[in-house]
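Let the hints inform the model, and build the full structure from the sequences given.
Going by full-length UniProt numbering, the first residue of the sequence shown is number 1, and it counts up by one from there.
These are calculated hints, taken from the structure and not from any lab test.
All values reported here derive from a predicted model rather than from experimental measurement.
From the three backbone atoms N, C-alpha and C, an ideal C-beta is built for every residue, glycine too.
Don't take each hint at face value.
[As the list claims (entries may be wrong)] Pair ranges (Cβ atoms, derived):
{"id": "1", "residue 1": "Arg76", "residue 2": "Ile196", "range": "50 to 56 angstroms"}
{"id": "2", "residue 1": "Thr23", "residue 2": "Gly111", "range": "26 to 32 angstroms"}
{"id": "3", "residue 1": "Trp29", "residue 2": "Ala179", "range": "16 to 22 angstroms"}
{"id": "4", "residue 1": "Ile68", "residue 2": "Pro105", "range": "54 to 60 angstroms"}
{"id": "5", "residue 1": "Ser141", "residue 2": "Arg26", "range": "44 to 50 angstroms"}
{"id": "6", "residue 1": "Trp29", "residue 2": "Met162", "range": "27 to 33 angstroms"}
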Amino acid sequence: MQWTTTTIAILVTFARFYIRWTTRRRFQWDDLFHGFAIAFLITFTATWPTFGIHDYNSGLYALGLTQIEPPPRTPREDRMNVANTLIFWCVIYSVKASFLALYWPIFEVSGRFRVAWRITASYTAISFVITLLWSFWLCGSPMNFLDQHACQNLAPKTVPTMYIAWCILDLVGDALLIAIPMIMIRNLRMQAAQKIGLVVVFGVVLINILMEILRTIYSLSGPLNAFPHHLFWVFLQSSTAVVVCGLPCFGVLLPRKRGATPDVEIITPLQIRFIVEP
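Pasting the structure below:
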């Protein structure tokens, strides 16, 4: 299942790069961060079996589908589990960085937008660092991080708080990513249909919000967290985030009115200088 969703994300990424190159003959910062996101996603998917096979067998044993009890995790499997979790968040925050990079050249003519963009970028960077570092306090302190005995005693107490905090940090960041362009679009002198088109393009971040909420619910709810539900949402969220990251570039393929100028930009900064209300 994990390679199916990853393959879809890879195909969308290639399509995005093809569209960007054929329409602009150059790549931009948002393409670079999308490239980071797909690279992290492939790494995330490829490294999961190094420890995930053990979790898979443990899940089968817990469900009574096998009589062979798997041995305890090895230190190497614990380290790979940690690395895989960190890579997952690198996927999510690379997507956020790609959206921020996409917004800047479109709306940079607005002074208020530049302030809001810098605040959002700072929040995103800080929340990314907090998310990564907090992982090392899963077992009480970084000194106990790879101590299986300590983790078995302390992790159940800290995991719910950590998951909720991760979810809040992620959701606030995504909400800011939606709010910035929506506020700017409101002040554009455009036809209602054009505004709706831009709202759809920038509103795809709502999909990431939905995925984060569902993954957190399935991670914390006892019945829903039963094997393999949580695993399904982890892979689906990471792959969906990369797919969503590429969707705005497909706006150039939308049908246009006859006689319309085939501009490759969704809306250019030069256009905004004339259509943004003073």
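Evaluated hints:
no. : hint                                  : result
1   : Arg76 with Ile196: 50 to 56 angstroms : holds, 52 angstroms
2   : Thr23 with Gly111: 26 to 32 angstroms : holds, 29 angstroms
3   : Trp29 with Ala179: 16 to 22 angstroms : holds, 21 angstroms
4   : Ile68 with Pro105: 54 to 60 angstroms : holds, 57 angstroms
5   : Ser141 with Arg26: 44 to 50 angstroms : holds, 48 angstroms
6   : Trp29 with Met162: 27 to 33 angstroms : holds, 31 angstroms
Violated hints for the displayed structure: none, as all numbered hints are satisfied.
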